[in-house]
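Q: Build the complex: two chains, separate frames, hints provided.
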Amino acid sequence: MDELKDLQSLWQGHKLDTDLGIDANQLTHSFIAKMKQTEKKVFRLNLAKTVAISLLITTLLLSISDMRAPFVWIGMGVIVLSTLIMMTRYWQIQFKSTNLNHDLPQNEFIEDTISQMKGAHMKFLKLFRVFVFFLMIGINLLYVDLLQALEMPMRLLIHGIVTNFMLIVFLLGQFIRRKKFKRDFQPLIDDLEALSQQ
Amino acid sequence: MSVPEKEQKLKELIATHKDMIYRLCYAYLYNKEDIEDLFQEITINIWNHLDQFKGASKISTWIYRIVVNSALLYNKKDKKQRAVFSHADIEASNTPTDESEEYLEKEKKIAQLNAAINQLKKQDRLIISLVLEGVKYEEIAEIMGMTMSYVGVKINRIKTTLFNLLQENSNG
Chain A
400 MDELKDLQSL WQGHKLDTDL GIDANQLTHS FIAKMKQTEK KVFRLNLAKT VAISLLITTL
460 LLSISDMRAP FVWIGMGVIV LSTLIMMTRY WQIQFKSTNL NHDLPQNEFI EDTISQMKGA
520 HMKFLKLFRV FVFFLMIGIN LLYVDLLQAL EMPMRLLIHG IVTNFMLIVF LLGQFIRRKK
580 FKRDFQPLID DLEALSQQ
Chain B
169 MSVPEKEQKL KELIATHKDM IYRLCYAYLY NKEDIEDLFQ EITINIWNHL DQFKGASKIS
229 TWIYRIVVNS ALLYNKKDKK QRAVFSHADI EASNTPTDES EEYLEKEKKI AQLNAAINQL
289 KKQDRLIISL VLEGVKYEEI AEIMGMTMSY VGVKINRIKT TLFNLLQENS NG
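If you're matching them up, the sequences are chains A and B in order.
Count along the first sequence from 1, then add 399; that gives the number in our numbering.
Count along the second sequence from 1, then add 168; that gives the number in our numbering.
Isolated chain B (complex conformation) (with noise of 0.2 angstroms):
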């Protein structure tokens, strides 16, 4: 592939999957600068890896292996923000431009989503914002290299604890 052809290539899969690259990223990190230095560096390591995609799974696949494989290695920021962000953290960050009841009452609730999955465990974190994409049991198992039985259990589990922590956050 010519260094245009991957341009080109690398500019349509990010505009195809942008959002849901920064989604598992907001999974993992939250802080604006965190997230666009892990995206930077999922972008570079899809260029890295661009000639080696030969078709052999979908494409979105291969990209969800080089997001959730980026995010475990971005560790040296991270530490210092595992401590749980609140509504007002996001409110501070973020630059609304619909400042509607409906808007907010959405917002808060997806500050408690991730205020809940920052509480899990690294790998839970990536796998529960997976499912949360949408993306089947068998392709969670090929991106994680885990059997479809122990990725089932494995959700189940997380989806328990996830809730468990929304119920015990929206009561406290």
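Bound-form chain A, shown alone (with noise of 0.2 angstroms):
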């Protein structure tokens, strides 16, 4: 007992800061300093975004402006819609440790790390599926259209070609995420895992 309240009395007897020369007066006020130019470049970042997807959209819309073709636009529509949710969606759902409830009692906080670490990439995965899906549908509708004076089989064939192309980028897609959160989370979530067990 003597030896822990010795250990007690040595422990909270180190002034870190002086010893190792840390000053946390201005380690605060650096901090604050970053905080403040951290969510101006947020918001600019953010407004850059917006108008680059607003440009973008304004363009394919006036590129089909002028063309009396339904399918064109329907197509069109599905592809421009399903990039908005599919951002939008990606935005909220994307793995952020600011949303980690670092103020939880710990055990609920491993848990809760690793479910929501856990939770973004499959809702990643699940989106990622809807969107390439509406992307095949938009993609084959605007086809339908621009391939009007084709022979029947060659628009088949440029049909197959198109929905193979994006099955391809979709598995690729898949690969490439499923790989980055081997590498970037899995470790964490292993550790995690083995400490509740602990």
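None of these hints come from the bench; they were simulated from the model.
A virtual CB, placed ideally from N, CA and C, is assigned to each residue, including glycine.
Heads up, some of the hints might be wrong.
Straight-line C-alpha distance at most 16 angstroms; calculated EDC-like pairs for lysine to aspartate or glutamate [unchecked claim]:
#1 B:K174 with B:D219
#2 A:K404 with B:E301
#3 B:K289 with A:D465
Some chain A residues judged to face chain B by a derived CB distance under 7 angstroms, without partners named [said to hold, decoys possible]:
#4 L409
#5 F494
#6 T497
#7 H501
#8 F508
Chain B stretches covered by chain A per the calculated footprint, using a threshold of three residues with CB under 8 angstroms from any CB of chain A [to be verified]:
#9 229-236
#10 276-290
#11 296-303
#12 314-320
A: As structure tokens, then:
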């Protein structure tokens, strides 16, 4: 007991800021300045993204504005809408360390962190699947009108190529995403799971 | 809470709890840059959750939770720092203002204690540093989300391991 008390007094008497030469006030000030800078940067970045997407949609709509082909319009509508939904949902569901509940008791924090990491990954995979599916529909609808002048076998061949190309892009995207998750998050999840079982 | 109020509150909290935060960081990492890095991460997490503090627990308990949870996820540079450090390392990183025999003896003991803590498991390091901070068992149970009896058993086991390690290190 006395030994523990000795260790406690030794430990509590250790003033690391003076011993290690760390200036807490300066660190806090620099953090607040950085935080303000980051908030401004995030705002500018979101603004730039919104402008870029708006420009892209306007350009797409202008490029088909004089076409009198209903499937082109419907197809483009499906593509634009699914892209917008995909981007908005992606921003919402992506894993952010700022969303972690650091003030939870540690056991709950561990469970919550694991579920947030796994949840964001699974949600993305589902979202990506739905997005590619609608993209396939949109592009194929677009080609229904664009390929009207061609013979049916050729039209079917092009539809087949486009659909398969989209499938390859989907599989590749899913593969990269899984690999990235395994590299960036799985070690941390394994660590946390091991801790929760202790 | 307005931003200036939040800034003021953060500064007050850091000023009051900085020593405790540093010591907990130190139980986890020992390199000065990493401690500063983790300290900043803790500050960010306190800032992000400041609005959510409703006073359901003591402010110190709330801060301890943020500190231990932030330390738990701080593993980016931790892996290469796992080697047990020696008194020589401490001397190299410190800038002592007092070189008296008493001061050096105290520093040596702290280095031995940290070396022993560093040999414990990740979660045990955090728990023992809370014990060394003088945090009560009920509060540790609240911070860790464990039952009081489980915390008691765990702490006894960690203390035994720590004392054994201190003994081994001083003999070896």
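Q: Hints first: check each against the structure and report whether it holds.
A: The hints, checked one at a time:
1. Annotation: proposed proximity of K174 (chain B) to D219 (chain B) holds, straight-line Cα distance about 8 angstroms (limit 16 angstroms).
2. Of the pairs offered as hints, the one joining K404 (chain A) and E301 (chain B) holds, with about 10 angstroms between alpha carbons and a cut-off of 16 angstroms not exceeded.
3. Distance hint between K289 (chain B) and D465 (chain A) is unfulfilled; the C-alpha atoms sit about 69 angstroms from each other, more than 16 angstroms.
4. A cut of 7 angstroms between beta carbons decides the hint on L409 (chain A): the least distance to chain B is about 6 angstroms, and the hint holds.
5. A hinted interface residue such as F494 (chain A) counts as satisfied when its beta carbon comes closer than 7 angstroms to some beta carbon of chain B; here the least separation is about 12 angstroms, so the hint is violated.
6. Evaluation of the T497 (chain A) hint against chain B yields a held restraint, the C-beta minimum of about 6 angstroms falling below 7 angstroms.
7. Taking 7 angstroms as the C-beta cut-off, the interface hint given for H501 (chain A) holds, the closest approach to chain B being about 4 angstroms.
8. Evaluation of the F508 (chain A) hint against chain B yields a held restraint, the C-beta minimum of about 5 angstroms falling below 7 angstroms.
9. Note: the stretch 229-236 of chain B has 4 residues with beta-carbon separation from chain A under 8 angstroms; the three-residue rule is met and the coverage holds.
10. Restraint check on the stretch 276-290 of chain B versus chain A: 5 residues with Cβ-Cβ distances below 8 angstroms, three needed, restraint holds.
11. Note: the stretch 296-303 of chain B has 5 residues with beta-carbon separation from chain A under 8 angstroms; the three-residue rule is met and the coverage holds.
12. Only residues whose C-beta sits within less than 8 angstroms of a C-beta in chain A count toward coverage, and the stretch 314-320 of chain B has 1 of them, not enough to reach three; the restraint is violated.
The structure is inconsistent with the numbered hints 3, 5 and 12, although it conforms to all the rest.
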